[in-house]
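J.: Protein sequence lines correspond, in order, to chains X and Z. My numbering numbers the first residue of the first sequence as 1 and each following residue consecutively. My numbering numbers the first residue of the second sequence as 1 and each following residue consecutively.
FYI, nobody ran anything at the bench for these hints, they're computed from the structure. Ideal Cβ positions, reconstructed from N, Cα and C, are used throughout, including at glycine. It is possible that part of the hints are untrue.
[Unchecked claim] Which bits of chain Z does chain X cover? Going by a derived footprint, with three or more residues having C-beta under 8 Å, they are:
1) 55–69
2) 83–89
3) 169–182
[Stated by the list, open to error] Computed list of lysine-lysine pairs in DSS-like fashion (alpha-carbon distance at most 25 Å, straight line):
4) Z:131 - Z:116
5) X:284 - X:240
6) X:39 - X:60
7) X:240 - X:288
8) X:240 - Z:142
9) X:60 - X:321
10) Z:203 - Z:142
11) X:170 - Z:111
12) X:170 - Z:203
13) X:311 - X:293
14) Z:203 - X:240
15) X:332 - X:321
16) X:284 - X:403
17) X:170 - Z:81
18) Z:186 - Z:111
[To be verified] So the derived label-pair ranges between C-beta atoms look like this:
19) X:193 - Z:112: 30 to 40 Å
20) Z:114 - X:121: 51 to 61 Å
21) Z:239 - X:7: 45 to 55 Å
22) Z:75 - X:240: 24 to 34 Å
23) X:121 - Z:111: 57 to 67 Å
24) X:169 - Z:184: 32 to 42 Å
25) X:121 - Z:116: 50 to 60 Å
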Amino acid sequence: MMRTLFIKEVRDALSSRRFWVILALCLILIPLGVEVSLKDYQTRLQNYREAVRIYREETKQVQDVLYKEGAKAFAPPAQLSFLSLGLELVLPNVAETPAGRADPPVVMRLGNNESRDNLYEFFTGPLDLVFVVAVVMSLLAVILTYGAISGEKELGTLGQVLSNSVPRAKIILAKATANGLVLVIPFLLSLILSLTLVELQGGLPSAAGAWTSIGLGALVSVLLVGVFFNLGLFVSSLTKQAVPALVTLLLVWVFLYGVYPRLAAAAAQILHPVKSDALVALEKSQIKHDIEKARDAELETVAQTMPRDFKSEAFKAGQKKQQEIHDRYQAKLEAGWKAIDRDVEARRSTRDALTADIARLSPVSSFVRPMAELARSGWLESGQFRREVRQYEEVLNREIFDKQRIIRMPRGGMISNEADPKAPAPVFAYVPTPEDDVVRDILPDVALLILFNLVFFAGAFVTFLRYDPR
Amino acid sequence: MTNQQPILKADDLSKRYEDGVLAVDHLNLNIYPGEVYCLLGANGAGKTTTINLFLNFIPPTTGTCYVNGIDVTKDPLEAKKYVSFVSENVMLYGNFTARQNLDFFAKLGGKTNLAKSDYYQVMRRVSLQEKAFEQRVKNFSKGMRQKLGISIAVIKDAPGILLDEPTSGLDPKAAEEFLEILEELKKEGKAILMSTHDIFRAKEIGDRVGIMKEGRLVMERTREELQYEDLVKIYIDYMKSEPLKI
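Isolated chain X (complex conformation) (with noise of 0.2 Å):
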């Protein structure tokens, strides 16, 4: 029975012109768009690299950090971004420090040096398979299931099928099952397909975690795509009509897709706001020109009191203390920058959490974040370039910035470092998040992701068996 009921699903659905569009959709849309991905991609990847080059041949030793170009910090793009180009356009990819002379403690600039001549793809997004499945993919499994009940009750087949002797679980099984892989079946295909004209090119990466991630990410956008297709079955089983069902499941799309999220960010800044790093940058010179006033008028007190004998006794002890004046109040500094930083980071980590915890009440959030995450073009990725930046600051600030000595005296005074200006720049080397990482962050996702799937195919099975077929 179950086969049959199958079979007869799977032929209705591939003698429908809606299973040809999908195919043909998929067929086209996701190779073009692991295509167009992988090869933007690449661009950026030379860009990247032409910047390390470029930066490592002028700024080979402590001098020139010192002296010249300044410290300075890159991120690779993201190597799988034809799963989801996520945040690389806007998050930080690139941290500098002042050009020249700087005083320490210095703070590496968060900046994004990616660029796009064609402004249009801001305005439209990219063609990532984020798109096609959070998009295409979603709308198709709606446009296949609308119907499955109600179009069927509308028609009168439904009524001529449950004349007979068949049990109405093995009716929806079927059609979920049977529709279920029409659906998905093309997806995977064409995403082979896509992979395997890219791994024609060389463009694939040989890290087995890539491999971990792109496979997660197909789990990932099939799950999305059952949401879809179950709550379609269900809303298809909550209505008589066929057309009703269609539009209630267009305006729920809308809502899920670009509405909610919206509102989730927009309510999480509201609940708990977070200051912009313009402020904070603000709050730091701030805070630096407090206490920078402060040091000075004690090193000025200080250097009345010093003789203009620099060989004398009395001169070197003045010079001392000076030096004692200027640590303590560098050590206030840092800590007073470190604490903005640490309370700018609690709150920025705290919305962000709460922004997606509103948000994942939408199955298209707790999609877009996880591609993201495993595409290594989201906030963990991000997250993790600001740590190493601060872990790479700490280095700098140690090794070069932090052997500056002042001497203060009563006209003036003298700045030198005693750091070795002949010895090599320390260097940015990017770990990126590990895979563990990733996949103990998308966890939350994938289970929602799986539970909207059982409470929409559980809600269609549940109204199916009290459906009334007339």
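Use these hints to put chain Z onto chain X, whose structure you have.
T.: Then chain Z, alone, in the frame of chain X:
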């Protein structure tokens, strides 16, 4: 006939919908093998609701439907093995051919080992044109769809057949052909319950004719009784009168 068990039996059957409408009111009905029972009545009289109750599409408020002695509400899947259904507008899968539709519904009806020739034979029996056998159903006329619908009932070979206004909208020739098939099925021993508005054909084919009004069976006559009475006049009189309980 009465010493046989009825294939289709309604026992004190009532159905009140959620909006309060009493669609079927204490209906008692027995249809025996080899008998055609025609149910007449205006729109909303409860004819289709009665058929829907036999198919367990809706649960009864009180009373019981039996198919081949099986309580439809308690064991609907078992009961449906013994009944076929042809609706007013037989709607099948438009992208399938006539044979593919027949194959699918035959399998649902438990006939799993049929050959293409078996399907062709049944379609010939209901006078469906040969060229239509392998054509997609979406282009079929209503008459062709009704023929295919009755061929589904024929191939299932269930002892009970429920027909919900099957000749409605058919041209006279197609309706006549349809009734010829019913006559054959009756001779094979099928118990047939047919709701219809067509008084003349009801008189022609029905072994018994019942008139429903506001959910009640207000009149029942046998073929023999109707030889001496004017069914049209009876029908019009009952439609004008207050409901009566027989």
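J.: Given the proposed pairing of residue 170 (chain X) with residue 203 (chain Z), does the C-alpha separation stay at or below 25 Å?
T.: Violated - the C-alpha atoms of residue 203 (chain Z) and residue 170 (chain X) are around 41 Å apart, more than 25 Å.
J.: Between the segment 169–182 of chain Z and chain X, see if three or more residues pass the 8 Å beta-carbon test, and mark the coverage as holds or violated.
T.: violated (count 0)
J.: For residue 284 (chain X) and residue 403 (chain X), compute the direct alpha-carbon distance and say whether it is at most 25 Å.
T.: Roughly 21 Å separates the two Cα atoms, so the pair holds.
J.: Take the C-beta atom of residue 121 (chain X) and the C-beta atom of residue 116 (chain Z), compute their distance, and say whether it sits inside 50 to 60 Å.
T.: At roughly 57 Å between Cβ atoms, residue 116 (chain Z) and residue 121 (chain X) fall inside 50 to 60 Å, so the hint holds.
J.: CB of residue 121 (chain X) to CB of residue 111 (chain Z), is that within 57 to 67 Å?
T.: Taking Cβ atoms as reference, residue 121 (chain X) and residue 111 (chain Z) lie about 60 Å apart, which means the hint holds.
J.: Within a Cα-Cα threshold of 25 Å, do residue 170 (chain X) and residue 81 (chain Z) meet the stated pairing?
T.: Holds - the C-alpha atoms of residue 81 (chain Z) and residue 170 (chain X) are around 16 Å apart, at most 25 Å.
J.: Are three or more residues of the segment 55–69 of chain Z within 8 Å, CB to CB, of chain X?
T.: With 3 residues close enough to chain X, the hint holds.
J.: Regarding residue 239 (chain Z) and residue 7 (chain X), is the given constraint of 45 to 55 Å on their beta-carbon distance met?
T.: Holds: the Cβ-Cβ distance is about 48 Å, inside 45 to 55 Å.
J.: Are the Cα positions of residue 203 (chain Z) and residue 240 (chain X) separated by 25 Å at most?
T.: violated (36 Å)
J.: Measure nothing beyond the straight line between the CA atoms of residue 131 (chain Z) and residue 116 (chain Z); if it is 25 Å or shorter, mark the hint as holding.
T.: Holds, because 14 Å separates the two Cα atoms, which is no more than 25 Å.
J.: Taken at face value, is the distance from the CA of residue 111 (chain Z) to the CA of residue 186 (chain Z) at most 25 Å?
T.: holds (21 Å)
J.: That 24 to 34 Å hint for residue 75 (chain Z) and residue 240 (chain X) (C-beta), does it hold up?
T.: holds (27 Å)
Violated hints for the displayed structure, listed by number in ascending order: 3, 5, 6, 7, 9, 12, 13, 14.
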